[in-house]
Every structure is written in structure tokens, then in C-alpha cells.
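From just these sequences and the hints, can you work out the full model?
There are 2 protein chains.
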Amino acid sequence: MVFYLIGLGLGDVKDITVRGLEVVKKCKRVYLEAYTSILCYGLDKQQLEAFYGREVIEADRDLVEQGSDVILENADTEDICMLVVGDPFGATTHADMVLRAKQLGITVKVVHNASIMNAVGCCGLQLYNFGETVSVVMWTDTWQPDSYYDKIAANRQRGMHTICLLDIKTKEQSIENLMKGKKIYEPPRYMTCAEAADQLVKIADRKREAGLETAFDAETQCVGLARVGWDNQKIVACSLREMTNVEMGDPLHTLIICGTLHPIEKDMLATFPL
Amino acid sequence: MVFYLIGLGLGDVKDITVRGLEVVKKCKRVYLEAYTSILCYGLDKQQLEAFYGREVIEADRDLVEQGSDVILENADTEDICMLVVGDPFGATTHADMVLRAKQLGITVKVVHNASIMNAVGCCGLQLYNFGETVSVVMWTDTWQPDSYYDKIAANRQRGMHTICLLDIKTKEQSIENLMKGKKIYEPPRYMTCAEAADQLVKIADRKREAGLETAFDAETQCVGLARVGWDNQKIVACSLREMTNVEMGDPLHTLIICGTLHPIEKDMLATFPL
Numbered sequence: 001m002v003f004y005l006i007g008l009g010l011g012d013v014k015d016i017t018v019r020g021l022e023v024v025k026k027c028k029r030v031y032l033e034a035y036t037s038i039l040c041y042g043l044d045k046q047q048l049e050a051f052y053g054r055e056v057i058e059a060d061r062d063l064v065e066q067g068s069d070v071i072l073e074n075a076d077t078e079d080i081c082m083l084v085v086g087d088p089f090g091a092t093t094h095a096d097m098v099l100r101a102k103q104l105g106i107t108v109k110v111v112h113n114a115s116i117m118n119a120v121g122c123c124g125l126q127l128y129n130f131g132e133t134v135s136v137v138m139w140t141d142t143w144q145p146d147s148y149y150d151k152i153a154a155n156r157q158r159g160m161h162t163i164c165l166l167d168i169k170t171k172e173q174s175i176e177n178l179m180k181g182k183k184i185y186e187p188p189r190y191m192t193c194a195e196a197a198d199q200l201v202k203i204a205d206r207k208r209e210a211g212l213e214t215a216f217d218a219e220t221q222c223v224g225l226a227r228v229g230w231d232n233q234k235i236v237a238c239s240l241r242e243m244t245n246v247e248m249g250d251p252l253h254t255l256i257i258c259g260t261l262h263p264i265e266k267d268m269l270a271t272f273p274l
Numbered sequence: 275m276v277f278y279l280i281g282l283g284l285g286d287v288k289d290i291t292v293r294g295l296e297v298v299k300k301c302k303r304v305y306l307e308a309y310t311s312i313l314c315y316g317l318d319k320q321q322l323e324a325f326y327g328r329e330v331i332e333a334d335r336d337l338v339e340q341g342s343d344v345i346l347e348n349a350d351t352e353d354i355c356m357l358v359v360g361d362p363f364g365a366t367t368h369a370d371m372v373l374r375a376k377q378l379g380i381t382v383k384v385v386h387n388a389s390i391m392n393a394v395g396c397c398g399l400q401l402y403n404f405g406e407t408v409s410v411v412m413w414t415d416t417w418q419p420d421s422y423y424d425k426i427a428a429n430r431q432r433g434m435h436t437i438c439l440l441d442i443k444t445k446e447q448s449i450e451n452l453m454k455g456k457k458i459y460e461p462p463r464y465m466t467c468a469e470a471a472d473q474l475v476k477i478a479d480r481k482r483e484a485g486l487e488t489a490f491d492a493e494t495q496c497v498g499l500a501r502v503g504w505d506n507q508k509i510v511a512c513s514l515r516e517m518t519n520v521e522m523g524d525p526l527h528t529l530i531i532c533g534t535l536h537p538i539e540k541d542m543l544a545t546f547p548l
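So the protein sequences, as listed, match chains A and B. This note's numbering applies: residue 1 is where the first sequence begins, and numbers increase by one. This note's numbering applies: residue 275 is where the second sequence begins, and numbers increase by one.
To be clear, the hints were calculated from the coordinates, so they are not data collected in a lab. Glycine residues also receive a C-beta, built at the ideal position from the N, C-alpha and C atoms. Errors might be hidden in some of the hints.
[Said to hold, decoys possible] Label pairs and their computed distance ranges (CB to CB):
(1) B/Met275 <-> A/Glu213: 48 to 54 angstroms
(2) B/Asp491 <-> A/Gln46: 54 to 60 angstroms
(3) B/Asp491 <-> A/Lys169: 40 to 46 angstroms
(4) B/Thr414 <-> A/Glu55: 55 to 61 angstroms
(5) A/Leu274 <-> B/Glu352: 27 to 33 angstroms
(6) B/Arg463 <-> A/Glu78: 53 to 59 angstroms
(7) A/Ser135 <-> B/Arg482: 50 to 56 angstroms
(8) A/Gln46 <-> B/Met275: 29 to 35 angstroms
[Claimed, not checked] Every beta carbon over 10 angstroms from chain B, so not counted as near; a handful from chain A, in silico:
(9) Asp15
(10) Asn74
(11) Asp167
Dropping the structure here:
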């Protein structure tokens with residue numbers, strides 16, 4: 001039969017498509033990819049089960065990466081689906097699942113949905129004016145990578161905007177628990193727009209102090225987005241320096257570093273003041 | 275009250291989200307943005323009306339661009355929505371509508387959905403490995419622009435893939451009807467992957483004949499996608515030279531020029547042979 005990958009979109013249970021909901025209701029087993037992004041604090045298994053009237057099996061990273069054959073078991077004779085926040089092809093892991101299914105001769109179908117990669121258009125910046133997307137990782141005292149700087153710089157040199165996907169730390173263990181071998185995890189941590197802006201300003205400052213030309217600085221225009229697609233979504237357009245003090249509220253946050261702004265983009269950003 | 279922009283996604287009537295459908299059913303007036311992309315041959319007003327059990331008002335380009343106040347009439351006291359294929363922020367026009375609504379003090383809410391800009395992930399190329407998106411226009415005998423070449427080149431120099439959105443000609447008039455002032459329009463024309471590949475190979479050939487280094491040539495890997503999100507979607511990965519002869523079937527087509535391929539991307543593309 002068919003292995004379905006079904007996107008859940010960005011908001012709540014009702015952001016599944018009508019077609020996606022029909023597929024969920026007819027599938028023999030319903031998996032929920034449970035380790036990325038907003039599932040940790042927004043949607044949960046119980047909500048989804050109540051809405052679908054179906055049992056939902058949580059598939060953590062181990063199950064998806066190592067045990068995909070468990071998920072795909074009997075998919076040649078029964079319809080199986082896996083639910084994914086956003087669009088199913090936001091993460092490499094799903095490509096692994098698709099490849100494995102195809103190797104097993106199982107038909108794969110995708111029910112697409114919104115992802116942060118297209119929904120950022122709601123701030124008024126045009127999607128075709130975006131360059132490469134970057135991931136910004138949380139710094140520690142001893143590990144402060146800045147490799148994403150070059151990509152933002154390359155985008156800005158061409159006038160392009162940059163989506164910065166902000167770090168999420170889940171299933172972290174304290175050093176104590178790690179040494180004791182205890183599988184006790186710290187609460188998930190989500191990087192904020194303010195933290196990301198602060199890191200970016202520091203990177204630019206260090207480049208400048210090293211005598212280098214910088215592709216952006218504290219005065220560069222940026223856009224903070226929080227909870228895109230939710231009823232309480234928040235969008236703020238300001239400088240990177242100002243963003244370091246903006247409280248965007250609950251996760252998930254996404255930061256955009258602007259490139260060259262077109263007049264209509266400027267007008268749209270003006271509707272999202274500090 | 276609220277002016278809603280509701281994305282319809284890429285496929286059929288059932289690709290609206292459950293939340294989107296609830297909004298449509300409660301709105302006082304339901305507009306359908308009728309002049310872009312697939313509405314011309316896929317979804318139509320009658321299908322939507324039957325599925326929603328509601329009257330749907332077609333909003334052509336004139337109405338959206340010049341008459342947005344007609345659409346927004348009474349939106350301060352009644353809920354109004356406009357349906358848009360894909361995600362609502364795929365086109366600049368919707369930014370205009372949003373700005374106008376905000377000027378009038380009307381609350382604007384967006385129900386996001388999949389768009390071709392994120393759904394192309396289904397071919398296995400990672401979304402964060404894409405650079406700037408380009409639009410490829412149909413050549414005529416006397417007008418053969420190639421400005422998108424430089425953008426594809428800049429993407430490839432950084433190893434990035436490029437989405438080529440292919441030209442759609444709607445409401446074209448024959449020279450005869452134009453001169454007679456008759457508002458009779460030719461059937462819509464949709465550029466195919468084969469046509470786009472042919473133009474791109476010609477551009478590369480001309481650059482090379484002019485003694486220039488080229489960022490791609492006839493042997494460069496590309497991916498053709500047709501009817502993404504439909505049940506009969508088709509994906510083919512091959513060289514640009516091969517793509518000039520591939521029959522992808524009904525519109526809409528999208529062509530991707532590959533940058534540097536990661537191993538998992540290569541594995542995925544291998545599942546879409548000629």
C-alpha cells in the first residue's frame with residue numbers, strides 16, 4: 001500500500017489539510033515524528049489523538065533513524081503514515097525514511113503543508129529575495145562558532161535576505177547525569193531572537209576589531225518572528241542592536257537578516273514597529 | 275472583524291487546512307484570487323463552491339490591484355477572506371492587499387499552506403541548500419532575455435541549487451485582437467521543463483561561444499517537477515541536455531538547476547531516473 005508523510009503545518013491541530021486528515025483516519029498506524037521543533041511545547045500526542053480519534057505512536061529520533069523498518073513494517077499491505085511538523089521535507093531524516101521505503105518497494109506519498117521556510121513571507125519580505133538559509137547555534141563559553149557569518153555576508157552582497165533558523169536543544173544531559181549514565185534530560189531550550197541578534201552583533205564586532213570589512217553591523221535591519229502561524233504570532237522589524245533587547249515571548253523564534261529592501265518590503269516592515 | 279488570506283496549497287480542493295475551511299465557512303464574503311498559476315486549469319470556482327457549500331467570488335487582477343477597497347468593504351464589521359493558491363505570500367500583490375487593509379484599520383490574519391517554494395523538497399534536495407529563486411521567461415524570436423543566468427551562476431558558485439519558476443502567459447491577446455481593441459484572450463500557455471532547459475542550454479552555449487566561462491552547461495544536473503502535490507506528480511532528474519527532450523505532461527512545471535549534491539541528495543535523485 002502506501003507510506004504517507006503528512007505535514008502538520010506550523011500552528012495547532014487544525015493546520016493539517018483536509019486531505020491529510022482523511023489519510024490519517026484511514027491509516028493502519030499513525031506515527032508522530034516527535035523530536036523536532038515545536039512538538040515539544042505546542043502540539044502534543046494527546047491533542048492529536050483527541051482530534052483524529054486515533055492512536056498516535058511517538059517516533060523519537062532513535063526510532064526514525066535506526067528503526068525505520070519498524071515504522072515501515074507491513075507498509076506493503078497496509079497504509080502507514082508519519083506526521084511531521086511543518087512540511088515533511090524540512091529535515092534530512094525524512095529523506096532517509098523515503099529512501100528506505102523505496103528500497104523496500106513501498107509507494108511513498110507526501111501531503112505537503114506550510115513550513116517556516118515559506119511562512120516567513122508573512123513579514124512582507126518577498127520569498128524570491130531570500131538567499132541561502134543558515135542555522136545559528138547557541139554559543140557556550142568555550143564554543144563560539146561563526147561559520148554562518150560568511151553565508152549571511154554572501155547573501156547580503158547580492159542584496160538577499162537570510163533566514164536564520166535558531167538553535168533548539170532537546171534531550172540535553174547535565175554533566176552529572178551524563179557521567180552517572182543516567183538518561184535524565186534537561187528541559188528543552190530554544191534560542192531567542194534577542195540571543196541570536198546578540199551573537200551576530202558580537203561576530204560583526206570581532207571582525208571589525210580584527211580590521212576586516214563587515215557585511216552587517218549592529219545597525220543592520222532585521223526581522224524577528226515568533227510563533228509564526230499561531231494566533232499570538234509576533235513580528236518585529238528593527239536593527240540588530242535593538243533586537244538584542246526585544247522580548248518576543250514563547251518559542252519558536254526565527255530571525256531574518258535583511259538584504260536590500262524593495263519599497264513594498266519597506267512599507268510592510270513599517271507595519272511591524274518595535 | 276478580520277480579513278483572512280487563506281492558502282489553498284498546491285493540489286486539489288482538499289489541500290485547504292481544516293482551520294482554513296472553518297474560516298471560509300464563517301466568512302461573509304469569499305474571494306478567490308483567480309489570475310495566478312494553477313487555477314486556470316486545476317481548481318475552479320465551481321469545484322470550490324461545491325466543496326465549501328459557499329458562493330465564491332472570482333477576483334481577477336484588476337479587482338485585486340485596483341479595487342482592493344471593494345474586496346475590503348465592510349471588513350471592519352464582517353469577516354472577509356481571499357483564497358490564494360499555494361501560500362498567501364507567494365506574490366507581491368498580496369502584500370499590497372495587506373497594506374491597504376492595515377491602512378483601513380482592519381485586522382489581517384493568514385492561514386498558511388504549502389507553496390512550490392517549500393514543496394520542491396519532495397525531490398530530495400535540501401531546502402537550505404537553495405539560493406535565490408529565479409523566474410525564467412518564455413523567449414520570442416525578438417526578445418530573448420537571459421538575466422536569470424547570473425543568478426543561477428552566483429548560486430552554483432556557492433554550491434547552491436536554484437528553483438526556476440517557469441513562465442505562465444495568461445490573458446494574452448493576438449496582435450489582431452489587440453489592434454481591433456477586442457478583449458479576446460488566447461488560451462493560457464505554460465512553459466515546460468523541456469523549453470526552459472532548451473533556453474538555458476542556449477544561453478550557456480552563447481556565453482561559451484563568446485569566450486566566457488560558464489557556470490553550467492548541457493551536462494549540468496537538473497530536476498524537472500510537474501504537478502507537485504498532485505496525485506500524478508512527476509519528477510525526473512537528468513542533465514539539462516536530456517531534459518530538453520523530457521515530456522513532463524500537464525502544467526505546472528518547475529525546473530531546478532542543481533548545485534553541489536550531498537550524498538543523500540544524490541541517493542534521492544537516483545530514485546527519479548529518466
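Hint check results:
no. : hint                                      : in the structure
1   : B/Met275 <-> A/Glu213: 48 to 54 angstroms : holds (50 angstroms)
2   : B/Asp491 <-> A/Gln46: 54 to 60 angstroms  : holds (55 angstroms)
3   : B/Asp491 <-> A/Lys169: 40 to 46 angstroms : holds (44 angstroms)
4   : B/Thr414 <-> A/Glu55: 55 to 61 angstroms  : holds (58 angstroms)
5   : A/Leu274 <-> B/Glu352: 27 to 33 angstroms : holds (32 angstroms)
6   : B/Arg463 <-> A/Glu78: 53 to 59 angstroms  : violated (43 angstroms)
7   : A/Ser135 <-> B/Arg482: 50 to 56 angstroms : violated (37 angstroms)
8   : A/Gln46 <-> B/Met275: 29 to 35 angstroms  : holds (33 angstroms)
9   : Asp15                                     : violated (5 angstroms)
10  : Asn74                                     : holds (22 angstroms)
11  : Asp167                                    : holds (14 angstroms)
In this structure, the earlier hints numbered 6, 7, 9 are contradicted, and the remaining ones agree with it.
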